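**Student:** Listed below, chain by chain, are the residues.
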Amino acid sequence: MTELANIQRWLTSIIVKPGALNDKIRLADDYYNLDNSEVVQATLRQTSAQKIEIYARGYILRLMECMEAEYPAVCKLLGEELFHTFVRAYLIEQPSTSPDLYDLGKNFATFLKASQPKNTEQSNDFDLPVELAILERALAEISRVKGLEGRTVKPNYLNDLLYLFDTTNIQASPGLILLNLSWPLAGYVKAVYQTQEPVIPGKKDSFLAVSRNHYRINFQEIEQWQWCFLQSLQTANNYTEAVRIAAEQCAIPQDTLMADLILWISVALNFGYIYKNE
Amino acid sequence: MSITDTNRLGLPNLGLGVGLRSKHYSHLMQNDPVVDWFEIISENYINNFGYGRHVLEHICAVRPVVMHGVSMSIGSTDPLNLGYLKQLKELADFVKPVWISDHLCWTGVAHLNTHDLLPLPLTLESLQHVSDRVNQVQDILQRPLILENPSTYMEFQSSTLHEWEFMTELVNKTGCGLLLDVNNVFVSGFNHGFDPEFYIRNIPHKAVVQMHVAGPTDCDTYLLDTHDQPVPTQVWHLYKLAQELTGGVSTLLEWDANIPEYPELVAEVQKAKQVMQGYIPEVPVHRTPYVDAVSNPVDHQVQITHD
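Sequences listed follow chains G and H, in order. Residue 403 in the working numbering sits at position 161 of the first sequence; the count goes up by one each step and never skips. Residue 866 in the working numbering sits at position 68 of the second sequence; the count goes up by one each step and never skips.
Calculated directly from the structure, the hints in this document are not laboratory data. All figures in this text were calculated on a predicted structure; none of them were measured in a lab. Please note: incorrect hints may appear among the correct ones.
Calculated from the model, a selection of chain G residues having no Cβ within reach of chain H, i.e. all distances over 10 Å [to be verified]: (1) PHE328; (2) LEU346; (3) LYS518.
Restricting the straight-line Cα-Cα distance to at most 27 Å, the calculated cross-link-like pairs of lysine-lysine (DSS-like) are [to be verified]: (4) G:LYS388 with H:LYS1069; (5) G:LYS348 with H:LYS887; (6) G:LYS355 with G:LYS318; (7) H:LYS894 with H:LYS821; (8) H:LYS1004 with G:LYS388.
Derived list of chain G stretches under chain H, where covered just means 3 residues or more per stretch with a C-beta under 8 Å from a C-beta of chain H [claimed, not checked]: (9) 291-303; (10) 464-476.
Don't be surprised by glycine CBs; every beta carbon is placed ideally from N, CA and C.
Produce the complete structure using the sequences and hints provided.
**Tutor:** See below:
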């Protein structure tokens, strides 16, 4: 290994690894056969360790701010102190390996889930921050995907109700995210985003659609049959087949579901859950 | 004042610009940008096809845009990230930037990314290593790479070159351009005890394509490059000197945390005109008693934006 490579590995290990600074420096010195006081030039104002500390502290603070930006609702729910504890542990377990900061928080929900205590009666309640993290990550994803914008939309299509008779080209929108959660969390997240005091909802099966239309991000709780229809449309990519599957899943007659769809489908178009592929 | 040379690698002086930040998207979609040009953080728009990309497309249509990256890690001993460079080139095909810049630094090693701009030992080994990589990148991007001097908080005892010497040799070896961040020179000068004016007088002025100004934070025993304050008097003095020595190059105000409303941002960068007429604003360096100030703030990169 070259001297440059050795120094870079030495400094990276101090910055990224957990523990007290002096312990981290001593371990790195031993492992890479370096002496921090001989590597980093001390000045009258600062020792070599104090200079290293600027980078070590900055690493955590910088990425903490990124996680707070992506997960404000989880932070609100847990409180800053606990949220920071989880983020520190997350960064230790899964330090960033991507040049793209967008990737930093992608496994946070999975991490939170894995960090839950096992075999306790309360374990289901610990899923609340996990599900919030799932929803906030979905919002991050939908904000960046290639969406409907820029696609040719049939003129007056939304107004002339032609979709009632011409459903062959109706498809689930690119990027549409469907979540089946144990709490209705849309209101909580919206309150946090609007800097209002959020109310923790009671536990209740929730069917959520996360979409984007004209760059506007939508996340709404929808009916189970609507959710099943959209999910079926994503996989089957065929309107009639999606109706059949959803009717079967929800144990409702197909013609009933089709009648309900006639009333709802313009809403689905407006929210960007579906679109008509030209 | 000394003789000036305005080569700038043949690249234009774009005037006064600001960074494109999500906080100002809505304003910029409805109002004249006022400034002459914009700098984007490349990583904000790679793989981002949402509202941010839409705003970027609008801005590209009305003003020149420059791409400024934070993840090339040109000094790392890891192999160059060719996937990242491919994405950077794809973004450049979309943006058609006037130039592409990054930092003289490394961001991590062993495939870890600290998302910080870490300093290099300024040795002949590092010089050869970085030169080889700059040449590779320039071959891939098919254009000169513009490299910025970072703010640094440590120097290596093994360094045998001053940063201005390293930059000069790098330009000689690769033909790259320089993004002279006068705030970073001020910060590093304070932290390492060198004269920032001497630094600025001794870089290759012909290679300077762009300048950054920003406001740092005084943390008592060191200065931190926080990009969250108005530009202080000392930085404006250095800016004036650098503009005179280079013959005038594109100027960009960096402001990445506590970002003000757009009109205030524009007013801050417009101070550069007064500075060049000799009116230097009296602005002290912001001091903080807190230890949680963050250098190179990046959280603006992950904030969700939508209309």
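**Student:** Do the alpha carbons of LYS355 (chain G) and LYS318 (chain G) lie within 27 Å of each other, as the hint requires?
**Tutor:** holds (18 Å)
**Student:** Hey, does LYS518 (chain G) actually stay past 10 Å from chain H on C-beta?
**Tutor:** holds (21 Å)
**Student:** Would the least Cβ to Cβ distance between PHE328 (chain G) and chain H come out above 10 Å?
**Tutor:** Holds, since 17 Å exceeds 10 Å.
**Student:** Below or equal to 27 Å on CA atoms is what counts here, so check LYS348 (chain G) against LYS887 (chain H).
**Tutor:** holds (25 Å)
**Student:** Mind checking the alpha carbons of LYS1004 (chain H) and LYS388 (chain G) for me, to see if they're no more than 27 Å apart?
**Tutor:** violated (42 Å)
**Student:** With a Cβ-Cβ cutoff of 8 Å, does the stretch 291-303 of chain G contain at least three residues near chain H?
**Tutor:** holds (count 9)
**Student:** Just to make sure I understand the rule, a stretch counts as covered if three or more of its residues have a C-beta closer than 8 Å to a C-beta of the chain. Does the stretch 464-476 of chain G meet that for chain H?
**Tutor:** It is violated: at least three residues are needed, and the stretch 464-476 of chain G offers just 0 whose Cβ sits closer than 8 Å to chain H.
**Student:** Would the hint linking LYS894 (chain H) and LYS821 (chain H) be met if the CA-CA limit is 27 Å?
**Tutor:** Distance of about 23 Å is within 27 Å: holds.
**Student:** Grab the minimum beta-carbon distance between LEU346 (chain G) and chain H and tell me whether it stays above 10 Å.
**Tutor:** violated (7 Å)
**Student:** Within 27 Å, alpha carbon to alpha carbon, are LYS388 (chain G) and LYS1069 (chain H)?
**Tutor:** violated (39 Å)
The structure fails hints 2, 4, 8, 10 (numbered hints given earlier, in ascending order).
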